[in-house]
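Protein chains: 2
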Amino acid sequence: MKKGLLIVVSAPSGCGKGTILGEILKEPNYYYSVSATTRQPREGEEDGVHYRFLQREQFEALIKDGAFIEHAEYCQNYYGTLQAPIEENRALGRNVILEIEVQGAMQIRKTCPDAVFIFIAPPSIETLRERLMNRGTETAEVIAERVAQAERETECAKDYDYVIINDVLETAISDFKAIVRAEECKTKNN
Amino acid sequence: MKKGLLIVVSAPSGCGKGTILGEILKEPNYYYSVSATTRQPREGEEDGVHYRFLQREQFEALIKDGAFIEHAEYCQNYYGTLQAPIEENRALGRNVILEIEVQGAMQIRKTCPDAVFIFIAPPSIETLRERLMNRGTETAEVIAERVAQAERETECAKDYDYVIINDVLETAISDFKAIVRAEECKTKNN
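Same order as they appear, the protein sequences are chains A and B. Taking our numbering, the leading residue of the first sequence gets 1, the next gets one more, and so forth. Taking our numbering, the leading residue of the second sequence gets 1, the next gets one more, and so forth.
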């Protein structure tokens, strides 16, 4: 069986990443990688669906075992991506989607050199600001911070293999599918 | 304006390359690269359509000028690919399709490192043999030679960026389009 791809996706907040990935995951033969964390589950969060909730000692033992392809500590909680479920699913021919921020993606570049890196970008910073404002769910301050962060993250787009500009959603989705198909046609994956 | 791609395509005879490229060239913004040659035009061949017909002295002067991205001599005739029309069309944002055999493609690897290399392969050598036999236009001897050559050429598929297996024509065409779209999304082309 042909091994599935590992597709690492990053995008600034407000770029429509969730909508695009939601559409992609409707296709057969995809597996969405669930992060592990030591933080407490929030209301409605399910183990294995939203996160794999681990005890701190378990997480640290797994770090020692080299079980993570990336991990980091934020606010006294660990977050990380376990290699085993990714490799198991790839071996079954499934394409694994891994949603992660820029620093995590760059760690994976080193630990999984055969991964495919896709950055989803807004058509412009101005469009992103408008989208966030039209949502009407964030304060002006939060929007300003999100926009500033998006600008910094978009600087990193050059370190990805592909950039999808999410201007028209349908085009962005078909671009994503085209990238996956092209990667499947790559000589090294055949 | 975004520069067009240079797409180099090779395929053994009988792999459906002509049909696939015919469909691709129906799309807007493509330019089909016409080879130059010193051989005499055959009945019905038009200059600039089937070949650019050049005098031997012209061809040799152009070699000296470094005007070709690849050239070779067969049976006392020169054949080659001129760089200028390719670069002019790419500068206008057109994707250039260059159909060429394996040795020529490998020369272009060196002269145009930013080109995209696609190999179109039959699902199997047995299928290729059947297809050539069903055409009914070639003798058993010619078919045997074509099949042997296809086997040798398919060995070279690993030196291409992408391999499209032409099993179902519609899939092969959509694979080709996906590769082009993915290449357009590549960070280095953005």
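Some hints here could point you the wrong way.
Unchecked claim - Taking beta-carbon pairs under 7 Å as the criterion, some of the chain B residues facing chain A (in silico): (1) Arg-152; (2) Cys-156; (3) Lys-158.
Unchecked claim - FRET-style restraints, in silico, Cβ to Cβ: (4) B:Lys-3 to A:Gly-22: 32 to 38 Å; (5) A:Gln-103 to B:Ala-67: 30 to 36 Å; (6) A:Ser-174 to B:Ala-140: 52 to 58 Å; (7) B:Ala-84 to A:Glu-126: 36 to 42 Å; (8) A:Lys-2 to B:Ala-84: 24 to 30 Å; (9) A:Val-168 to B:Arg-109: 56 to 62 Å; (10) B:Pro-113 to A:Glu-43: 32 to 38 Å; (11) B:Lys-64 to A:Pro-28: 55 to 61 Å; (12) B:Leu-169 to A:Asp-167: 46 to 52 Å.
Bear in mind the hints are in silico, worked out from the structure with no lab data behind them. Quick caveat, the model's predicted, so the values are computed rather than measured. Heads up, the beta-carbon is just placed ideally off N, CA and C, and yes, glycines get one too.
Here's how the hints hold up against the structure:
no.: 1; hint: Arg-152; result: violated, 17 Å
no.: 2; hint: Cys-156; result: violated, 10 Å
no.: 3; hint: Lys-158; result: holds, 6 Å
no.: 4; hint: B:Lys-3 to A:Gly-22: 32 to 38 Å; result: holds, 33 Å
no.: 5; hint: A:Gln-103 to B:Ala-67: 30 to 36 Å; result: violated, 48 Å
no.: 6; hint: A:Ser-174 to B:Ala-140: 52 to 58 Å; result: violated, 45 Å
no.: 7; hint: B:Ala-84 to A:Glu-126: 36 to 42 Å; result: holds, 39 Å
no.: 8; hint: A:Lys-2 to B:Ala-84: 24 to 30 Å; result: violated, 41 Å
no.: 9; hint: A:Val-168 to B:Arg-109: 56 to 62 Å; result: violated, 35 Å
no.: 10; hint: B:Pro-113 to A:Glu-43: 32 to 38 Å; result: violated, 54 Å
no.: 11; hint: B:Lys-64 to A:Pro-28: 55 to 61 Å; result: holds, 57 Å
no.: 12; hint: B:Leu-169 to A:Asp-167: 46 to 52 Å; result: violated, 32 Å
Violated hints, in rising order: 1, 2, 5, 6, 8, 9, 10, 12; the structure is consistent with all others.
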